[in-house]
Structures are given as structure tokens and as C-alpha cells.
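*Asks:* Here is how the chains run, residue by residue.
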Amino acid sequence: AQSVTQLDSQVPVFEEAPVELRCNYSSSVSVYLFWYVQYPNQGLQLLLKYLSGSTLVKGINGFEAEFNKSQTSFHLRKPSVHISDTAEYFCAVRIQGAQKLVFGQGTRLTINP
Amino acid sequence: ETGVTQSPTHLIKTRGQQVTLRCSSQSGHNTVSWYQQALGQGPQFIFQYYREEENGRGNFPPRFSGLQFPNYSSELNVNALELDDSALYLCASSSRGQGGQTQYFGPGTRLLVL
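Protein chains in written order, with this note's numbering: chain V, 161 to 273; chain E, 510 to 623.
Everything labelled a hint here was simulated from the structure, so no lab data went into it.
Accuracy of the hints is not assured; some may be wrong.
Facing chain V, a subset of chain E residues (Cβ under 10 Å, in silico) [to be verified]:
| hint | residue |
| --- | --- |
| 1 | Q515 |
| 2 | Q546 |
| 3 | G551 |
| 4 | P552 |
| 5 | R566 |
| 6 | S604 |
Here are some chain E residues the structure puts well away from chain V; computed CB gaps all over 12 Å [said to hold, decoys possible]:
| hint | residue |
| --- | --- |
| 7 | V513 |
| 8 | R524 |
| 9 | R531 |
| 10 | Q553 |
| 11 | G565 |
| 12 | R572 |
| 13 | S574 |
| 14 | P579 |
| 15 | A589 |
| 16 | L590 |
| 17 | D593 |
Beta carbons: idealized from backbone N, C-alpha and C, even for Gly.
With the sequences and hints as input, model every part of the structure.
*Replies:* This is the structure in C-alpha cells:
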């Protein structure tokens, strides 16, 4: 069965600093990869996804992620964060042909002024 | 384009009661998935509905059941509520064969069981 590990439960950074949120997954078959963001008391919003093709994917709000098959990772990056990026970020995988998304435990990103 | 909507937004029930949560899928989507998100956790897959039939189920007991209607909207029913059922329930819609079946989530229903 597949699993997702988000290596940091909390990441504090200063405004305008770069950030990387780490995600590793385990699966013996091909997967689709996703990052979602959850603002306080809200549902999940899709940030970006990797389905196939270029391993560097760009999403909304200036975020990007790179799929590394050999390291089974899909780390999320932003070169300069803003206060409004404060939220919980979830990495998720779905096996091709399967129905369910499998989520990591989440990383809480806190931006300090 | 209408996004995924859920009702109600909040709900308080007592142990042993039954609850029904509702979800309207995004326009053009024919598949609905339900997830449970306990406090401080990532969402856990409950089940998925496609063409009005259950199409995959996670590790949840039979007292969690659902329906999908011809207009692709869906209901999640939970019987004999337990305290541990307190959580945010998320509905996601997607379309078979499009965009890797990317799932788009609604705002959720927060259920508190006392």
C-alpha cells in the first residue's frame, strides 16, 4: 500500500524568505502527486499536481514542486513567502487506476513578519 | 463554473444519533469522494461514488454509507454516531478520464459528536 510522509510537521519562516516543504512517498507502481493547501476553517485547495511529463510543475500563488522518481519525493517550494501563505499544506498521492487520495499528515507553515 | 458545495457547514449531534451530510459536485464532474479529517490529521478516504454506485471504500465500518444521485450530488450517512466521529468531513468531485481524475474539494462539514 502506498504511504506519504511529510517530513516536517511545522515550518516557521520569515516573510520574503524562501521555503521548502518536504514530501516523500512509497509506492511500487506509478502515481499521481498533488499538493493541497488548507487555510484555517476551510476545505482543501489544489495548489499543483504532477500527472506526467516535466518533473517541475508550477502551481498557484507562486508555488512549484519537483517530482523526483529515484528519491520518491515531491517537495514544494516558494522563493519568497508572504504572510498570506500561512496555512496547512498537504501532500497527496494516488495510484494510477485507483480511486483514493492518500494524504500525508500535513505541514503547518507559519510566516513571521 | 460552480465549485463543490457542502451542507451543513457545522453540525452537533449526540452519541448514537444518525447524521446526513450533503455534497454538490462541481459542474462537469461525475465522481464524488468523501474524506474524514480528524483534528490535526490528514484526510482519510471513506468511499467514492461513480454512476450512483460505490466505487472504492476505505477502512471505515458499514455504518458509514452513501448515495449518489442522477445529478451527481451525493450524501454521506453515518449511523450510531460515536465520539470519534467528530471531524471535518470533506467531499471532493472529479471527472473520470480527465486530468488524472484530479479531485476538487468543498469547504467541508464540521461534525461534533457529544
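*Asks:* Hint by hint, say whether it matches the structure.
*Replies:* Quick rundown of the hints versus the structure:
no.: 1; hint: Q515; verdict: 8 Å, holds
no.: 2; hint: Q546; verdict: 9 Å, holds
no.: 3; hint: G551; verdict: 3 Å, holds
no.: 4; hint: P552; verdict: 5 Å, holds
no.: 5; hint: R566; verdict: 9 Å, holds
no.: 6; hint: S604; verdict: 13 Å, violated
no.: 7; hint: V513; verdict: 8 Å, violated
no.: 8; hint: R524; verdict: 24 Å, holds
no.: 9; hint: R531; verdict: 14 Å, holds
no.: 10; hint: Q553; verdict: 8 Å, violated
no.: 11; hint: G565; verdict: 3 Å, violated
no.: 12; hint: R572; verdict: 19 Å, holds
no.: 13; hint: S574; verdict: 17 Å, holds
no.: 14; hint: P579; verdict: 20 Å, holds
no.: 15; hint: A589; verdict: 24 Å, holds
no.: 16; hint: L590; verdict: 22 Å, holds
no.: 17; hint: D593; verdict: 18 Å, holds
When held up to the earlier numbered hints, the structure conflicts with 6, 7, 10, 11 and fits the remainder.
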